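**Q** For reference, the chains in residue letters:
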Amino acid sequence: MKRYLLQRIGFMLITLFIIVTATFFLMQLLPGTPFTNPEKLTDSQLAILNAKYGLDQPVAIQYIQYIGNLVQGDLGYSFQHEGRTVTSMISDRIGPSAFIGLQALVIGAIIGLVLGIVSALKHNSLLDYGSVTLAVLGMSIPSFVFAALLQYYVGVKLEWLPVALWEGYSSTLLPSIALSVTVTATVARFIRSEMLEVIGQDYIITARAKGLKENQVIVKHVIRNALIPVVTMLGPLAVSIMTGTLVIEKIFAVPGLGEQFTLSILVLDYSVIMGITIFYSALFIFVVFVVDIIYSFLDPRINYKGESA
Amino acid sequence: MERKRKTQIFMILIAFVLILSGCNFNSSESSNEESAAEGEAGQVLNISTTADIPTLDSTKAHDGIAFTVLNNVNEGLYRQDENHEPIEALVTDHTENEDKSVHTFTLRDSNWSNGEPVTAQDFEYAWKRVMKDASPYNFMFVTAGIKNAEAIMNEEMDAEELGVKAIDEKTLEVTLEAANPLFQSLMTFPTFLPQNQKFVEEQGDQYALEAENILFNGPFTLVDWTHEQGWKYEKNEDYWDADTVKLDAVNAYVVKDPAAGVNLYETNKVDRIVLSSEAVDQNKDDENFDTILEPEVIFLRFNHNHPVLGNKNIRQAVNMAIDKASLTDVILKNGSTALNGIVPKGFFKSPTGEDFRDLNGDFNTGTVEEAQKLWETGLKETGATDVTVSINIADSEDHKKVAEYIQAQLEDNLPGFKLDIKAVPFAQRLEIEKAVEYDLSLSSWGPDYSDPMTYLDMWLEGGSANRMDYKNAELEELVASARTETDLEKRYQMLLDIEKILLEEDAAIVPLYQEGAAVLMRSKIKNLLVHPTGASFSYKWVTIEE
Amino acid sequence: MTKNIPHFPPHQDLQAQNQYAYDEIPSDLFVKAPLDQRKSEEIGTPSVSFWKEAFQRLIKNKGAMISLVMLVLLIALALIGPSLNEFSYREQNLAHSNMPPKVEGLEWLGFNGQNSAGVDQYAERDVQINYWFGTDEFGRDLWTRVWKGTQISLFIALVAAFLDLVIGVIYGGISSFYGGRIDNVMQRIIEILMGIPNLIVIILFILVLEPGITSIILAMVITGWVGMARVVRGQVLQLKGQEFVLASRTLGASNPRLISKHLLPNVMGPIIVTVMFTIPTAIFFEAFLSFIGLGLQAPLASLGVLIEDGYKSMRYFPYKLIFPALVISIIMISFNLLGDGLRDALDPKMRK
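Line order of the protein sequences matches chains A, B and C.
One point on numbering: in my numbering, the residue at position 167 of the first sequence is 167, and numbering is uninterrupted.
One point on numbering: in my numbering, the residue at position 504 of the second sequence is 504, and numbering is uninterrupted.
One point on numbering: in my numbering, the residue at position 80 of the third sequence is 80, and numbering is uninterrupted.
Do not take every clue at face value.
[Stated by the list, open to error] Subject to a maximum C-alpha distance of 30 Å in a straight line, what follows is the list of computed DSSO-like cross-link-like pairs (lysine-lysine):
1. B:K198 / B:K128
2. B:K128 / B:K434
3. B:K418 / B:K312
4. A:K122 / C:K62
5. B:K100 / A:K52
6. B:K198 / A:K52
7. C:K60 / A:K122
8. B:K100 / B:K132
9. B:K312 / B:K100
10. B:K128 / A:K52
11. B:K434 / A:K52
12. B:K246 / B:K235
These are computed hints drawn from the structure, not numbers from a lab.
Keep in mind that this is a model prediction, so the values were computed, not measured.
Same shape as in the complex, but just chain A (with noise of 0.2 Å):
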């Protein structure tokens, strides 16, 4: 087990260092400088600026001295907004992405665990099917046009929720709906041919000659064995929220990385974009590493000395 860690610790720190390595010289290829109103800046003043952020130097030395700061934690500076950190302006925005993040998390594991329970009990009933129905909606429909639509009908016409802006919970609402359909779809989904084939197996007809009453089968042995595959839907699933939030944030003006993300892009803002690549990507890698290890704690088949079985 320590030895697979070990290795598998070693493999995130190569991926990452590819990926920072990669972005590093894509964002060299990209054109632009990435001052802000450079309309009036002279040639003077854009050297002065290039030599303070140390874009007069080879692209070689460049690339070390980012990888030196990147290991001590620091991404360096902004380009757009003067003195401000990329650190900084990460941890501002991180907060309302974690939180409408989680929020749609929890709001889609909730409803998809109900809704694939329900529709495997009552197998091939209305229910079910209209569960189903939901589900292929939910994983089909880009999450932007969900999000748009939710906005329009419950937002504008309907005026329940807060449109957009970030103040106050019931903000946070529309945004972590949107973003936890394809959650509540995946999960559902998922949950449902579990399930199914949990009760086909032989365990549960064991359990049921055995005389236990038919609630105790299911919680018990049904529902809590087509639990443990979940797990390994949290990487995907985070991911498809990490993303999700670059336009759900847009469209519902959330200030977070994702809509901080867009915001850089569309002004070339190297050093953030650069930043919020790798913080991205070393997320992404470590909740996949959670959840496998997560996953061979929780599945006592799996075990990590050799080959997995």
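Keeping the supplied structure of chain A fixed, place chains B and C upon it in accordance with the hints.
**A** Chains B and C alone, transformed into the frame defined by chain A:
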């Protein structure tokens, strides 16, 4: 054993979720308080703004939003009144020497928000700081004609040699290269604000990045600044003219999406919003609807090295083939107006009180048929049968729309014309422009100061705003003589002639329209001043009449 | 279905019968069925090929069949829709800007030419032609633009999926077929690529490349093929160990022959299913990119561009958002359902 481990992991997970959401609830709670405070009685103005403040350091600020905030939380020598004319702010007495090149200002007694007095040294420090750091707006010192500013900018002199000197605590002496009629009005510009040296140096590179890291001496103080969400002003009781200020507070909300802005206006969250063109139709009959004409001009640059676009007939044809009025009235709808010159309408009066635009009239107007005739001639002259070019634009909403419109107009009206749109981020558009690596470029230009020259000296050969390899010796000469001409009427005639050379003689660019803004503002808001140059808004005189 | 019937040798059969013969029933009451050696080898149902069987299963799947019909319909509309009226996708007519949708006979469905304030724009502006999906601010016909956009979105998705397929099959095939160190290295590369959130990679590449259809496709393919490569590798690894491959190899089949005759046909199922899911993902990514402002250049419009345009003015002209949103949703749903159906049909074991 197994079960214990599982529960442990779940507990950790739950704790993690709680911690994350916990930190967040605090912030949403604090914004709840903010919105509750707004319901309190008193004179409160709620406004929306399109972006966060990049920096509040007056020597480094370079955007309209920061300029507005600075104008309302700080006080310089002069500030703009309702006619955008300079009125005395910190100045109680202003004397000039004979040739008007040395100005001596006596400052009134006033304090920074940390209790220290505002002194002449604060001005000297801040101004020299602008030059030392080669800040974005250092050219304003050259425009103001302050002694040695140009030499310092060209790195021929040290910033310490700038023509500004604190004689004593309350006396500031400013030396100019020569008399400058614009000097006073330029002093209202936020780049000329004072700064408290001790405080600035204490804060280091964090100066003015948070509400706590800046000192105030203006009508308001900034009490709360949440990045990307908004900020709040409160009346500054220590302001020297605090009796004039009627507002108790101003709440500014960052609203990037214009549609969200409309909603906030309708739900009474904000009192004034700028409408996108989509929203105009629905709101144009509202009694609070208004349009404002702005001094920013939008025009097309040609690459004058281009084999076909280098031809004057072709350029004129392009000019005439575009129906500019439909563009502003049907597509933009925000009060912008078609422009057939480079100097905009309504801002620049001649010494005899006539508008620049009225004096020079329209250039290169004509029907589509005339355009096609010129086009034919141009094609013959250049030996081309068809032209495929691209247009370089910034990927902002309005510019994309304008480009799509121009594309259809030119392709439909000029046979053989094919236009590709290349939308790139703003900074990149400028980079491409500066390198003259485009065929056509959709550009905009806002004035730096209140004189037509700000639109006319851009076209000098090698100037940083030329960006299209355009040259005309006659124009160069006229600009040079206009700069030193002291007879105002003669000078104005020269300015008119420069525009004629640019457009009548050379058709060097295609002026498209003059920017406008469609706004909704509640009628209870009185005396909100909107300035065309420098800081956009003054809240000092605002009153709310319920 | 037929292979599980056990057939014992006749004498065992007899013995078994004798063993279980009870006293109450005399054994002579039993008449031995005539044992036909040929019949025991006979297959009960007519022989069905794998593909035929899969097809039959697919046809029984209602969702998949409806999806198929919808897709055929949408593709047909995407191809012929733009030419069903006299407008072109780029022709502007400012006098007819922002006309609401109007269809003769469908007034009750909202196609009544009234704007959000309830004013009949056709009467007010004296417009004689009906715009079925309305017009945008330039007066361009949205019916034409929506179907043209569908065409472009589908084109992008199909090309991207095809490139994913080619690269994925080659990469996965080589990696698994040769195995050993090659496989090891290639797998590590895939693992690293999997470690990067693909949307971020796509965005970065779009920024670097010149905007346009080609760049969008390229950016999507850069990470898109990984999924396919993994599927192919997994399948080939499984097949490689099976007897028929071994047999073929023993008979002296060359590698190319092995790959093309034995491995490829057997991995076709999973590949088709993967492609079916790649297409909607590609459509989604394209729309996503357009939505955050990294899409196509005007006057070309994909569904994503139209949705973005519509979103901006949805308060006042909701129809601009609804039509493209509807089309993209139907396409996504249909592809997903069809993909599900195919998966169930081609490989019931894959069902999850």
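**Q** Which earlier hints can't be squared with this structure?
**A** 5, 9
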